[in-house]
Structure formats: structure tokens, C-alpha cells
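If you read the sequences in order, they're chains P and D. Residue numbering for the first sequence follows numbering that gives the first Met the number 0, starting at 0 and increasing by one per position. Residue numbering for the second sequence follows numbering that gives the first Met the number 0, starting at 0 and increasing by one per position.
Hints may be right or wrong, so weigh each one.
[Stated by the list, open to error] Lysine-lysine pairs mimicking DSS-like chemistry, simulated, CA-CA at most 25 angstroms apart: (1) K99(D) x K293(P); (2) K725(D) x K637(D); (3) K190(P) x K137(D).
It is worth saying that the hints were derived from the structure and are not from the lab.
What follows is the residue order along each chain.
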Amino acid sequence: MSFFGFSSSCTVDIQFSESARRLVEIKSEGTIQKIPLFFSKDNVKGKVIVNIPAGKRIEHNGCKLELIGQIEMFYDRGNHYEFTSVVKELASASILSSSIEYPFEFNDIDKQYESHNGINVRLRYFLRFVIDVKKALTNIVKESDFWVYNHQTEPEINNSIKMEVGIEEALHIEFEYNKSKYHLRDVVIGKIYFLLVRIKIKHMEIALIRRESTGSGPNLYNENETLTKFEIMDGAPARGESIPIRLFLSGFDLTPTYRNVHGKFSVRYYLNLVLVDEDDRRYFKQQEIMLWRKG
Amino acid sequence: MSKNNRNSVANVIAVEDEQLKLLNDAKTKVTAEAFQMKRCLDNNKLMDALKHASNLIGQLRTNLLSPKNYYALYISSCDELRHLESYLFEEKKRGERINKLYELVQYAGNILPRMYLLITVGSVYIKSKEAPAKDILKDLVEMCRGVQHPTRGLFLRNYLSEMTKDKLPDVAHEIEGNGGSVKDSIDFILQNFTEMNKLWVRMQHQGLAKDKEKREIERQELRLLVGKNLARLSQLDSVNAEQYSKIVLPRILEQIVNCKDQIAQQYLMECIIQVFPDEFHLITLEKILQTCSQLVNSVDFKIIIITLSDRLANFGARSPSEIPEGDAVFNQIFNYATKLIEQKQKTPNEDILAIQVSILGLAIRCYQKQFNLAGQVLGYSLNFLNDLQLKEASALKQPKIIKQIVSLLMLPIDSYRNANTVLNLENYAAIMNFLNFETKRKIAIALLNSAIDFRTKFSEIEQVNLLMNFISPLFKDEEENQSNNIIDPDQIEEEQTLLAKVIHLYSNPDPEILFLLYFTTRKYFGQSKPANLKYILPPLIFAVLPITSKILQGEDSEKKVQKIFKFILETILALAKNKYSELALRLFLQATYVANICRFETICYEFITQALTIYEEEISDSKAQLAAITLVMSTLEKVDCFDTENYETLLSKCALYCGKLLKKSDQTRAIGVFSHLLWKENYRDGKKVLDCLKKALRIADSCMEYGTNLHLFVEILNLYIFYFSKKNETITTAYISSLVDLIKTNMANKEQEHDEGFAKFFQNTIEHIRQITLS
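Could you build the full structure based on these sequences and the hints that come with them?
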């Protein structure tokens, strides 16, 4: 790692303890990173290793380690919102002339939000190690990301979604999803009951959509992402038919629903029922479902 | 051909070419994907293999193929999927868990590949017993609902049916027990059936009205797919009659009635009758018949009733003990059929009759002893025909109607194999009246043939009356036919021979009644055309003659026998009157012979007089004369009841006729025969015999022709020898040796001319003389 010409002065490595800790694969900008995973109540422990090449010495005013949780808006680069920041002093002013290790431990820090890599927004947790080098323009800084998941308890109320929709004199359907809240490895079970069919339906599909909303007011951005299009019916049903739905969620890269993350963004999920007629007209009904992470 | 037509033909060809191209393209893709799939399977790359399998099935998503071509594509796709199935099965054996795969394939985005894969995996899943078969079956059949396109849905569900057919819980099946019971299998098949039928019916309502005909043809092509489900149900071993009648059939019928579709109703009703066992039909008869009245009007209920009735008829014939006692089965079918006929006003006449034919078959074959049932059917038909004659007489001339009437009449003949039973059927004979003369004759012939083949005995006068009335078209012309009766003479001979044969089927231990049978018959035959008398009267006479001696054994028989001889006399006279002289003459001689046995001298004398009268008046051909007079004399030789006066009168008549024969040789021979009349038990006159032989010799000598002349000499020589050996003392050796010398001299004179046969004849005669004189 190089820092403005001081590259050779030292290398810093942040190691999390519990080496068997689960890693999550995070896709960002086309590469896949493997990042250690923490749950919200986990303590963050480890050590910082500073390697000083032989003959080198670093005079500093102190070393500190920060645990930071921050939200980054991509359209507003440089403007980060830190919602969590805890600092630990690891060393007071002194001179480093040989390699040294600093163990650290952040206990009882509530990591209330889950990490998120969205289209317009990123929520990240990381550790930042800083050596305040004397008589230098810049400090030696080393950051290391970790990922946070937040187990949720099973919702107490979980009603099915049942709804009758239609176009007068043309199409009348009743659909039912067995729950309104699904965990990430859940299965959406449902059925569609055709009460009236006067249009020539070609097929019917169900789409799983993720909507990420960022900002507010004039700067509100909504990004809709279709995660899957799942055909559930081929051909035209007659009146009285009921068509089953079964959609396994575990195959998709899903997050829980984030209703309001620090007033900055939200991520919601929708099931969109789409009927396509022979002239390729689409009739649809979108219905939000809540996703949650099962412990 | 109009231009338009030509265009449309061109269109059809173009469409077919296009179809073929589409099919080949799709098949090529299937083969390519299948190749990739198999390669992946070989390398144990299951995920990739599934992807290729999914692509392969993707070809079946096409909208463009006709059902026939879609079927071809379906078959080749299924063949390929079998590789996947056997791979999965191997995996299962190696201990892989299939439930994971069962979930995995459900991620496929398109429903058709998803369902085909799910069914393929599901079938292995059932075998793995990781989950109860019934649950998997239920899940599969339920998930298939997603495919609502008729053709694609039908084939998908057919795939489901095929893949699960050997995995249905049933008694004695490994999957029974925890996997489910036969009840689950029934539910599964019935649900699949119901859904398939709905899809099949829905095809009817798609597309343009002008393509209706084409669509119906396409639907007929697909009907087997739907019907297979019913066959599948019938193959479940443990479905018993009760389950069938309480669970299976009501649900099938419900679907049939509710679908309100003619093609489906027609086909499925027939299908039920064909695939389920007869024992079940007996129990559920009411339900099936009831359903018939609930079908849409255009359904041809005739076929359904006939199929059912024919099946039960065959069943009853095969295993009569299975048919319930009484007539419940018959009554149900008969009553429902007639009710339906009334209900559906427009049933064609021939169909109504065809139904009756079928039910008649049922009545005959299932109820061998309840003739009243067959009579009931015939009665219905008779009423119907009577009505038809009043309303629409011309209809009775239609071949399709005639065909059914013939069937009504032929069926009892062919089935009962007893002409009496047939003739005794109520309303049977009356139906014959609706046929034209020619057809009546055919039926009559069939009846006679049956009576002859199966040796039906006619022993009551009533039976004979019925028989004669029924077959009267064979001997009696009908008014309508008199003008145009050109019938092949060979055919006539054949028919009349049948009549002659049937006479010999009469039998009764009481000879008087037996005679009455013939007497009755004679009255009917009296109506016969003269031309036929020669065939039918002689057998009658020969049948009656032996009765005389039987009656004589009884008491107070003389009058009775006289009556019989009178009958014989009149019958033969009828022949004589119609110029069958030679025949009558011979019959009189036969009668003479029989009367002689009975010792009825007067009658005997009457008969032979009749014979001689015919000879005198009617027989003029010289050959016929010789034959006739020879027969008369032969008969006379055997008759011994005459007193001498009568006998001598007859002798002198005979001598006269012999002398009047045209040819000398005939005279010689006749006189030779005559000589025997002078040398018999009760009349013996050696002198007259000698005179007779001398006369013969004299006439023979006057015979100019050399060969004949010599031959006659030898014949007379033989007579001499005969009487000599019979101790006629007037015949001495001197006569014999001088006659031998005469012959030898004549032979020596014209040695070169006599033939070998004659030489042998003479030589043998000489040899004979030697033996007699030696002894």
C-alpha cells in the first residue's frame, strides 16, 4: 500500500480475530471481494500489525483506530454521513523503529444498519487505523471494510396478501400470496384465481423488483431493479381457473427490506404480477412484500 | 377448378411445407441440446445438463406447429429426457438426495421447461421414497395448472401421466403404504383427467370460426391423450366395483356432463364403456344410462347405447352366471333407450332400429330362456315400423332401414339356432311383412338353413303352420312380384331342395300326428307354383309312405291307412296333372309296392292302373317307354296281393305294351322281362314262359342289325339257362344247345365283326352252362 511517497516507510495490516469468521462475497464495480461478516451485536476484535522496514523509523504523535459506519451517496461524492464513529487510542506519541502489533477490541457497539451496496447508495462499515506522523503532510492511514448483517426476529403478525383486482368487464382476478413478510430463504406460495377473463391472455409472470430510494425532495432517486421474471402461466385460462404460484427466494441476491436507513435511503421489494395479452399489452399489479433476515 | 380453389390448394401445400420445416428445425435444436446435455451428464455437470435440458424443452414452447407435428416433437423431446431421468436415478442410487434437485429445477424462469424438469425429477423423487408418493403426485398435478395452453397443457399432462404410471400407489405395489393408497392414485388420475379434458374442450373455442372443421379434426387427433387417463384408472388393480361406482365413475361422469362438448362427451362415454370391465358396468348401468340423457343434443346416443348393449350381450354370452337374475339389466337398457328415443325427437329412423337390434342381441344372448324379452324388443320395433308405414311409407324402401329390419330378423336365427324358437318369438313373423319379396325369400332361406344345419325338429302342427307361413315366399308368389319373377333356375333348384330337406325334419312318435304334419304341409305346397312341385311333392310322398305300415300296427287302422293312400293318390295325381308323367308313374309304382306290403289289393290295383294309364297316355318316347314298362313289370313281379283274374288282366296289358314297343330289340328285351311275371311264387306257368322266350327269339331273329341280333340271342340264351336252373321243365337242354349252335354259326359267318365285349359275354355264358350241367 502506498501513500504519497512514504510507501516504503511502513506497511499496515488489520487482522480480525476468529480467522474462521464467515466471509461474504460482495460484488462491487465488477470485482468480487470477500469481506468478513459481523452481526450487529458482535464484538469487533483483532490486531493491527505495523511493519517497519529495517533502518526506518517513524516519529508520531499517536496511533488511533476508528470504527466507522457511514452512508455514501454516489451522486454526492465526498459527502459521507457517519452514523457511527468510535475511536480507540492505540499508542501515544512515540517513535516506531521496529514492527509492532496493537490488539484492539470494540465491544458493545450497536451496528444497527446492514451493510448495503446499492445502485445509488452504499452503507459501509470499516476500521481506520491512523498514525499521526510528525512533520509530515499526511498521516499514515489504513482502512479495512467489514460487512454487517442484522438478524431479525420472526414478525409476529404476518398476514397473507389477498386482493381482488381487475379491469371492468374485461378481466377480474383475485390473487393471494401466503404471507406479507418473507425471510430471505423463504418461498412465496400463492395462487391466482380468474373470476372473469374476456381478454386473450398469452401468459402471466411474476416479477421480483427491488426499489432503492435515496435522497428526498427534488433529489429523490428511485432505482427499480427486476431481480427475476418468473413465468407462472402459459396460455389463456378459462373463468374459474386457479393458477398456483411458487417462487423460491433463496436463489436471488436479496437483502432485507430497509424502510428508512438513517433518513438517507430505503430498499423495498415488490412482487409484480404481470399478465400479457396476445397484442402484448401488459396488465400488472404491484404488491410490496417485506423481506427479513432470519436468525 | 376455380382459381380460388387452386390458390387454396397451393396454400395448403405451402402450409404443410412450412410445418415440416418448422418441425425439422425444432428437432435439430432438440438433438443439439440433447447432445450437450448428455455430454454434461457424462462429465457429471448436472447444473449445465439441466440448463441444456431446459433449452431442449424450450422447443416445445412453440405456438406454430399443428398438433400432429407437435406430437412428433414431443416424442423426440421425451426420448431425450429419458437420459436425464436415468442419470438422476443413478444419482439417487448413489445416495444423492433428490429433494434439493426438486427445488432447484423450480428456479427455471419459463414454466414449460420448469414443469417438464419438475416431473422428470419428481418421478425419481417418488422412487427415492424421500417423500410420500402421494404428496409428490399431488404437487405435480397441481403445479401443471400453470400451463393453460391447450396443446402444450395436454402434452405436458400426458408426460406427467406417462412418467408416473408405474409409480402410483396401488395394492401390491412397492409404493403403497406410506407412499399413499389407491385413493390417492384415483384422485391424481381423476384430477389430471379433468384438467386435460377441460383443455381439450377449450381447443374448440379458440381460433376463428371458419377453422372449425380443421379444429375438430385436430381435436380428434388428440383425444387419445385424454382417454388414456381412463385406461390408467382401469389399470389400477385395487379399484373394486364399489370404489368404481362410488368414487371413480361419478367424477368422470360429472366432468363429461359439465364439459358440454359433443366431441368429448361422445368419445369419453364410449371410452368408459370400452376400458372398464363388464362387471362394473352391470353395477353402474343406471348411472351411465342416466348420463346419456344429460349429454348435449348433438351427441349420438345411439352409438353409446349400442356399444354398451353389445358389450353386455357378449359378456352375458361368455359368462351367463354373471348377469343378475330376473330382467333388470335388460329393462334398464330397454327403458332408457326408448325414453331417449322419445326425448330426442330427431333420432333417425335407422338409428332407432339399430338400437333395437343391439338390445335384441342383449335380450337373446343374456337371457337365453326369457323369450318374452326378445318379443318385447320385436314388439317395439313392430309398432315403430307400423307407425313409420303410416307416416312415411317410402322410408321403408330405404336400404339403411331394410338393413336394420333384416338384422332384426337374422339375429334370432343366428343366435338361437333353433327355427322353432325363432318362429315362436312374439311379433317376429309380423316384422317380415315390412320387407320386399326378394328380401323375404333371403330371410326364409336363412331360417331353413338354420333348421337344417342345427336339425330342428318340427313335431307340432302349430310349428308347421308357423314355419310354412314364414317360408311361403319360397313356394308362393306374391302379387307384387308376379310380373317380374325372373329367378335363376339353379337358384330355384337350390331353394326348393331346402324345402325338400326341411320335410325330413318332421318327427313325432305318433304316426297319425306325423301324417297330419305332412298333410298340413301339403296344403301349403298346394299354393306352390306348378314348376316347383317336382321338387317338393316327391319327398312328401316318400315321407308319408312308410307311415302306412306304422299305423297298421295300431288298432282300427284300415280307414286311416286308406285315407293316407288317398292322400298319396291325390298328391301323385297333382304331379301327373302338371305333366310330370314319368315322375308320377314311378311314384305310383312305389305306392303300389307299399300298398302291396299293406295288403290293400284294391288300392294296389288302383295305383298300378294309374301307372299304366300314365304309360298309355303320356309316355311316347321309345326309350322312356322301355324304361317305364320295365319298371312296371319289375314292380308287378314284387307284388303278390292280386287275385289271378286281376293279375292276368295286368299281364295281358303288359304283354300288349311289350309288343307295341317301337324297336325290335326293345320288344325282345321287354318280353324277356315279361317272362319273369310268368314264373313267380304265386303264378307259375312253364309253358307260357317257353312261348314267351320263343317269341323273344323270333323277334330277335327278325332284328336286322348283326351285332344287336347276336347280343339279343345271348341274352335270351341266358334266360333259357335261368329257367332251366329254376327247374322249368318245359325248358330242355335241347333248346339250350340248339340256341348255342345258332349263335356259334352266326358268329362263324361274320367272325370278323363281333367285338371283344360280346365274345367275353358269350364265353362267360358258355362257362355258366358248363357249371350248371356239371352240378
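| said: Let me make sure I understand: some of the numbered hints might not hold for this structure. Which ones are they, in numerical order? | reply: Nothing - there is no hint that the structure violates, so all of them hold.
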